[in-house]
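Under our numbering, the sequence shown has 202 at position 202, and the numbering climbs by one with no breaks.
Don't take each hint at face value.
Unchecked claim - Derived DEER-like restraints, expressed as beta-carbon distance ranges: (1) Glu38 / Arg260: 52 to 60 angstroms; (2) Ala147 / Glu38: 24 to 32 angstroms; (3) Pro8 / Ile111: 50 to 58 angstroms; (4) Met225 / Asn106: 31 to 39 angstroms; (5) Thr36 / Arg127: 32 to 40 angstroms; (6) Asp169 / Glu83: 48 to 56 angstroms; (7) Pro82 / Arg175: 38 to 46 angstroms; (8) His158 / Thr86: 20 to 28 angstroms.
Hint data in this document are derived by calculation from the structure and do not stem from the laboratory. What you are looking at is a predicted structure, and each value in this text was computed from that prediction instead of being measured. We put the beta carbon where it would ideally sit given N, CA and C, even for glycine.
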Amino acid sequence: MIIGTGQPDQSAQTTFERLPGFPYWTIGVVLRGSVTVETRGGTIVHRGPSIALTPPRTPYRIAAGELGRGWSEVWVIFAPRPEWLTLLEWPEILPGMLSLDAARGNSDFNIVIEALIEVHRLATGARVERLRFAENQLERALLLAHAINPHAPHARRHPAVRKALQAIDTRFAERLDVAALARIAGCSVSQLSHRFPAEMGTTPMAYLEAHRIERAKHLLTSSTMAVKEVSAAVGFVNPFHFSTRFRRVVGCSPMVWRLRRGE
Numbered sequence: 001m002i003i004g005t006g007q008p009d010q011s012a013q014t015t016f017e018r019l020p021g022f023p024y025w026t027i028g029v030v031l032r033g034s035v036t037v038e039t040r041g042g043t044i045v046h047r048g049p050s051i052a053l054t055p056p057r058t059p060y061r062i063a064a065g066e067l068g069r070g071w072s073e074v075w076v077i078f079a080p081r082p083e084w085l086t087l088l089e090w091p092e093i094l095p096g097m098l099s100l101d102a103a104r105g106n107s108d109f110n111i112v113i114e115a116l117i118e119v120h121r122l123a124t125g126a127r128v129e130r131l132r133f134a135e136n137q138l139e140r141a142l143l144l145a146h147a148i149n150p151h152a153p154h155a156r157r158h159p160a161v162r163k164a165l166q167a168i169d170t171r172f173a174e175r176l177d178v179a180a181l182a183r184i185a186g187c188s189v190s191q192l193s194h195r196f197p198a199e200m201g202t203t204p205m206a207y208l209e210a211h212r213i214e215r216a217k218h219l220l221t222s223s224t225m226a227v228k229e230v231s232a233a234v235g236f237v238n239p240f241h242f243s244t245r246f247r248r249v250v251g252c253s254p255m256v257w258r259l260r261r262g263e
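Please model the entire structure based on the sequences and the hints provided.
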């Protein structure tokens with residue numbers, strides 16, 4: 001739930017203090033200029049562009065940054081859905097103060113900022129159900145932030161595993177085997193065969209097949225493609241083999257799956 005948003009230009013004389021009992025999360029983005037943030041754990045300067053996240057009941061004080069000039073910002077105050085909580089595990093820069101600035105070098109950092117600006121635009125617009133639109137946009141912004149969060153589990157994966165996962169996600173329709181994935185990942189077959197299960201809990205080929213089956217389920221319910229066309233679209237060379245594997249994983253044939261979802 002979104003409690004409020006803002007996108008003000010602040011003067012050099014502006015100060016703001018958040019009291020200890022404030023019950024909501026706050027995302028603050030410094031667009032231009034800099035601000036000094038004082039918390040019980042210390043003081044830090046946020047230089048734009050900068051994205052900070054403050055949990056509930058975290059008191060702090062904001063004033064102009066090191067040059068004593070004004071700044072531009074956008075902020076969002078919200079109560080997260082339960083499924084968002086894992087998306088809020090950002091790096092801690094001070095006790096109770098989180099930040100995404102460690103990902104500033106990522107090309108998607110500015111996309112996150114643009115998404116948060118859009119949250120404010122939607123929340124203050126004239127559209128019917130504007131807060132619902134804004135909340136959906138906030139979820140998108142948090143997902144984008146999660147993708148570049150250096151503390152997220154996926155960021156700690158071995159580079160070879162990340163490259164293999166990206167290949168599976170984008171090239172699943174191609175003829176991929178462990179050797180092909182290893183070449184894409186820039187490692188040997190034995191290295192990938194060891195690292196991938198250690199981090200993902202399954203083998204590369206089992207993961208690839210599961211991804212293909214999920215894509216097939218989507219196509220079966222969202223298109224009128226024939227089963228053999230679905231089979232080819234998700235990377236199975238033999239439609240009979242596809243149907244066999246689909247039945248083993250899902251518990252019914254592709255055609256039965258489609259019919260059940262159409263009921």
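Against the structure, the hints:
A C-beta distance of roughly 59 angstroms is found between Glu38 and Arg260, which places it inside the suggested range of 52 to 60 angstroms. In this structure the supplied range 24 to 32 angstroms holds for Ala147 paired with Glu38, their Cβ-Cβ distance being about 31 angstroms. For the hinted restraint 50 to 58 angstroms between Pro8 and Ile111, the CB-CB distance of approximately 22 angstroms leaves it violated. The beta-carbon spacing between Met225 and Asn106, approximately 36 angstroms, falls within the hinted interval of 31 to 39 angstroms.
Distance hint for Thr36 and Arg127: a CB-CB separation of about 36 angstroms, consistent with the stated range 32 to 40 angstroms. In this structure the hint that Asp169 and Glu83 lie 48 to 56 angstroms apart at CB is violated, the actual value being about 21 angstroms. Checking the proposed 38 to 46 angstroms range against Pro82 and Arg175 shows it holds: the Cβ atoms sit about 41 angstroms from each other. For His158 paired with Thr86, a C-beta distance near 21 angstroms keeps the hint of 20 to 28 angstroms intact.
Hints 3 and 6 from the earlier list are contradicted by this structure; the remaining hints agree with it.
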